[in-house]
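*Asks:* Sequence:
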Amino acid sequence: FGIERISLSRLLGISLGAAGIFLILLPDTSLPNASAAPYVLLAVACAFCYAIENIYIDLRMPKGEALTILCGMLAVASLITAPIVIALDAIWWPRWPLGAVEWSIIGMALINAFAYGTFVHLVTTAGPVFASQTAYVVTLSGVAWGMIIFGESHSPWVIAASACMMVGLFLVRPREVTIERNLDKAP
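Numbering of the sequence shown is given in my numbering, commencing with residue 10 and proceeding in unit increments.
No lab work stands behind these hints: they were computed from the structure.
Just so it is clear, the structure is predicted and the values come from calculations on it, not from any experiment.
Where hints are given, some of them may not hold.
[To be verified] Label-pair restraints from in silico Cβ distances: (1) Y65 / S87: 17 to 25 Å; (2) F179 / T90: 35 to 43 Å; (3) S164 / S87: 34 to 42 Å; (4) V110 / M156: 21 to 29 Å; (5) S16 / I100: 45 to 53 Å; (6) A46 / V146: 31 to 39 Å; (7) L107 / A172: 41 to 49 Å; (8) I157 / V110: 20 to 28 Å.
Beta carbons: idealized from backbone N, C-alpha and C, even for Gly.
Using the sequences plus the hints, can you model the full thing?
*Replies:* Written out as structure tokens, the structure reads:
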């Protein structure tokens, strides 16, 4: 799309990240059960959608603060999901006083708003290629939290995949040219 110039280190970094996904997906011993492969492919499809979103945000980002853009995005998302929630009779009303479930929902909403606002800012300042690397950070975080919280252990394939992703993240850095170009777009 001509948004960023191709560089060997960035191309290698993206390739290593993709190789990490394949190291999780392809070997028979990497997943606990072969029936989990479609779910990994679904996660890859989601990452692809995020990549398309990154490009769209960079190309079509309206002038304005990331917080304003975030509020608009979340409002539109609410309008899109509202008919589905109503049709499924899945409206949830908090009970007073607030309990653990209510506080966890409030906490997740705040975390999501902060994370997405940071992500939009990252796309506009560091560029869509660097921002797309958050998919690898999310994957690595999921593996790490599974080990920490649930005591999961992983095959050497998953460890090798994590190493590929970490090296890939190191190689795909925001370039100063990208940062300067995107700061010029700011209001």
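*Asks:* Please go over all the hints and tell whether each is borne out by the structure.
*Replies:* Structure-based check of all given hints:
1. Y65 / S87: 17 to 25 Å: holds (20 Å)
2. F179 / T90: 35 to 43 Å: holds (37 Å)
3. S164 / S87: 34 to 42 Å: Check passed, 40 Å falls within 34 to 42 Å.
4. V110 / M156: 21 to 29 Å: holds (26 Å)
5. S16 / I100: 45 to 53 Å: holds (49 Å)
6. A46 / V146: 31 to 39 Å: Given about 22 Å between the Cβ atoms, the range is violated.
7. L107 / A172: 41 to 49 Å: holds (42 Å)
8. I157 / V110: 20 to 28 Å: About 23 Å separates the Cβ atoms of I157 and V110, which means 20 to 28 Å holds.
Comparing the model with each earlier hint shows a violation of hint 6 alone; every other hint is respected.
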